[in-house]
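Chains as they are written, first to last, in my numbering: chain A, 1 to 163; chain B, 1 to 150.
Calculated from the structure, these hints are not laboratory results.
If you're wondering where the values come from, they're calculated on a predicted model, not measured in any experiment.
Heads up, the beta-carbon is just placed ideally off N, CA and C, and yes, glycines get one too.
One thing to keep in mind: the hints can contain errors.
Stated by the list, open to error - Negatives, chain A to chain B, calculated, CB over 12 Å:
id, residue
1, F19
2, Q27
3, A35
4, G94
5, I103
6, P108
7, A146
Stated by the list, open to error - Which residues of chain B face chain A? A partial, calculated answer using Cβ under 7 Å:
id, residue
8, M1
9, I70
10, L72
11, D100
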Amino acid sequence: MTDRMAAPGAPDFGEDRAFQEKFWTVQRCAWVVFALIIAAALLGATGTGGPLANQEMQIGEVRVAAPRIARWASTADFKVRVGGGDGHLTLLLGPGFSRSFQIEDIQPRPDSASVGRDGQMLSFRAGGGTIAIRVRADRPGIASYAIGINGGGGETMRTLILP
Amino acid sequence: METVLRGVAIYVTVLAIMRLSGRRTLAQMTPFDFVLLLIVAETTQQALLGDDFSISNAVLLIVTLFTIDIGLSYIKRWYPRTALVMDGAPTVLIRDGRPDERALERTRVSLDDILEAARHQQGLERLEQIKFAVLEVGSGISIIPKKDDA
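Please build the complete structure, drawing on both the sequences and the hints.
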């Protein structure tokens, strides 16, 4: 049985104003946190668009755009912008890539694809334009993978995959 | 970013449609109205989530929707005119025992609805026992009985 202390003659509403005052303060602090989360999301800190959500890397004449932050079980896009070259491009996706991502679609389709110890090798006829790779993140955590162009050893990129 | 924008778009759309569809739908909710609400919820789910079923997306979406709600509650407090536009104002349906036919017609509330509320709230049996009936902003019809019958 609760110990209720209503003043004699006063209505007993079961009010605990002291607790309520503290809880109102906690609520307002939480609202500030909510606003900060939304601001961070608008900046891209939770992925899916926004200035922080993507990263870019220049490898020779090719510019690779990759997600800096992605979400588990959700799609993300990699873009390989080809500046020129001899009309032929090979793209190496290191073993870390397939550990963290599942490729859902590639546009245009590669002429050939092979897999080895260094990862997946995709060959395209591309003298310019953009190769788009849509992936689905397989597991939460930090994905670390190498991306190589035309036989290069590969530059390491990292993507934070949120749960 | 996309999640926040989706949340804002759906919140504004649902708010506008609910407001424009009239208060009666929520005040006198029938079983069909309830089913209709479930269908609306199911329909908006796809637009809210897209193909992103991650926990981050769900958390961000919930935070976004609640924060808009909190923000709007402050805006309505600071600018009462906004509250009037968004929530409306109470509508008197019976004034001093006389039904306001125009208000009844425009709010799509029938005298049967008022009598039902009168039976539930005050145990009243006849229309003549009602002094005021008010369609409230958020909680149905309030009945104030005539003093003699109270």
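Hint-by-hint comparison with the structure:
1. F19: 21 Å, holds
2. Q27: The assertion about Q27(A) is violated, with a minimum of 9 Å to chain B.
3. A35: A35(A) not clear of chain B: closest Cβ-Cβ about 6 Å, inside 12 Å.
4. G94: 24 Å, holds
5. I103: 16 Å, holds
6. P108: Check passes; 23 Å lies beyond 12 Å.
7. A146: It holds; A146(A) is separated from chain B by about 25 Å at its closest Cβ, greater than 12 Å.
8. M1: 4 Å, holds
9. I70: Check passed: Cβ of I70(B) comes within 6 Å of chain A, closer than 7 Å.
10. L72: 13 Å, violated
11. D100: 36 Å, violated
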